[in-house]
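One line per chain: the protein sequences are V and G, in this order. The first sequence: position 112 = 112 (my numbering), numbered continuously. The second sequence: position 130 = 130 (my numbering), numbered continuously.
In case anyone wonders, no lab produced these hints; they're calculated from the structure. Accuracy of the hints is not assured; some may be wrong.
Because identical chains cannot be distinguished in the list, a pair is counted as satisfied if it fits within a single copy or across any two copies.
What the hints assert, rightly or not - The calculated EDC-like cross-link candidates involving lysine to aspartate or glutamate, where the alpha carbons are at most 16 Å apart (straight line), are: (1) Lys2 to Glu30; (2) Lys144 to Asp107; (3) Lys70 to Asp84; (4) Lys16 to Glu71; (5) Lys2 to Glu31; (6) Lys66 to Glu31; (7) Lys2 to Glu67; (8) Lys16 to Glu61; (9) Lys105 to Glu31; (10) Lys94 to Asp12; (11) Lys70 to Asp12; (12) Lys70 to Glu103; (13) Lys16 to Glu31.
2 protein chains.
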Amino acid sequence: MKLYQKILLAVDLHPKCDNAAVKKALAIAEETGASLHLIHVIEHIPAYSLGQAYPSIIDLEEEILKEATKELGKLAHKHHIPADKQIIVMGSPKAAIISKAEELKIDLIILGSHGRHGIALLLGSTASSVLSHAPCDVLAVRIKE
Amino acid sequence: MKLYQKILLAVDLHPKCDNAAVKKALAIAEETGASLHLIHVIEHIPAYSLGQAYPSIIDLEEEILKEATKELGKLAHKHHIPADKQIIVMGSPKAAIISKAEELKIDLIILGSHGRHGIALLLGSTASSVLSHAPCDVLAVRIKE
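Isolated chain V, as found in the complex:
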């Protein structure tokens, strides 16, 4: 019996940390014979934070989405992860990760953790909420800074 079949790795598109997390996730995927999906969640921008540079929140979010898609593509390409396993979602990180995990029947969610940042950055105070609401196992990998 395979331990895991489908792994979902949440990346925050900080190149240095992501590379280490992807390497570890790939090693686990290889060891267990699982497939690996990457997910990056873009949080919606609060209206009050809008400056003068963009005519609307929607334009700014589209710009961020375009850049994030490019960055995720670069990361995935470097590690030979195909386009259909690169996921970008807008929303709350916790809800987006859990909902995608359910949709794809993921059995292991991996989160990169680099000390003060990492999990804190990605999930804020909702880390324990992800743990108790995730439909599957959750692995926090420690990335040496």
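Let chain V serve as the given structure and place chain G on it in line with the hints.
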């Protein structure tokens, strides 16, 4: 390169959930060639909670320690885990697990999670604190209830 060398599984001595967690931890240990330690943490009893049955907190804690050691022994015996890999500590679960992980140079901490209880019971609101303070990777395994 082995993914993990030394795994520490925190158990709460709820027989049904522990058995599932131990099975999963053993499967991961086998898959990665790691050794498996079990740890159970007994929290200190607040003085105000003392009833009439015990002359002192110390007597009560000793009684709990004796019972927990027996229960952990049974669980370990069932899964062929030797005595030198059975650890009982008194203190704060978060601090005890992290300190033992450092002492034993553990590279993966596994916590059993059974929905509402589990991680919540074991670590309370400090789950995210364990994640960000652990010296190593942390895996929360979901136990079906």
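Tested hints:
{"no.": "1", "hint": "Lys2 to Glu30", "verdict": "both (11 Å within a copy, 12 Å between copies)"}
{"no.": "2", "hint": "Lys144 to Asp107", "verdict": "between (25 Å within a copy, 13 Å between copies)"}
{"no.": "3", "hint": "Lys70 to Asp84", "verdict": "within (14 Å within a copy, 51 Å between copies)"}
{"no.": "4", "hint": "Lys16 to Glu71", "verdict": "within (12 Å within a copy, 45 Å between copies)"}
{"no.": "5", "hint": "Lys2 to Glu31", "verdict": "both (10 Å within a copy, 10 Å between copies)"}
{"no.": "6", "hint": "Lys66 to Glu31", "verdict": "neither (33 Å within a copy, 40 Å between copies)"}
{"no.": "7", "hint": "Lys2 to Glu67", "verdict": "neither (36 Å within a copy, 36 Å between copies)"}
{"no.": "8", "hint": "Lys16 to Glu61", "verdict": "neither (24 Å within a copy, 47 Å between copies)"}
{"no.": "9", "hint": "Lys105 to Glu31", "verdict": "neither (19 Å within a copy, 22 Å between copies)"}
{"no.": "10", "hint": "Lys94 to Asp12", "verdict": "within (13 Å within a copy, 26 Å between copies)"}
{"no.": "11", "hint": "Lys70 to Asp12", "verdict": "within (13 Å within a copy, 45 Å between copies)"}
{"no.": "12", "hint": "Lys70 to Glu103", "verdict": "neither (24 Å within a copy, 43 Å between copies)"}
{"no.": "13", "hint": "Lys16 to Glu31", "verdict": "neither (23 Å within a copy, 28 Å between copies)"}
Of the numbered hints stated above, those contradicted by the structure are hints 6, 7, 8, 9, 12, 13, listed in ascending order.
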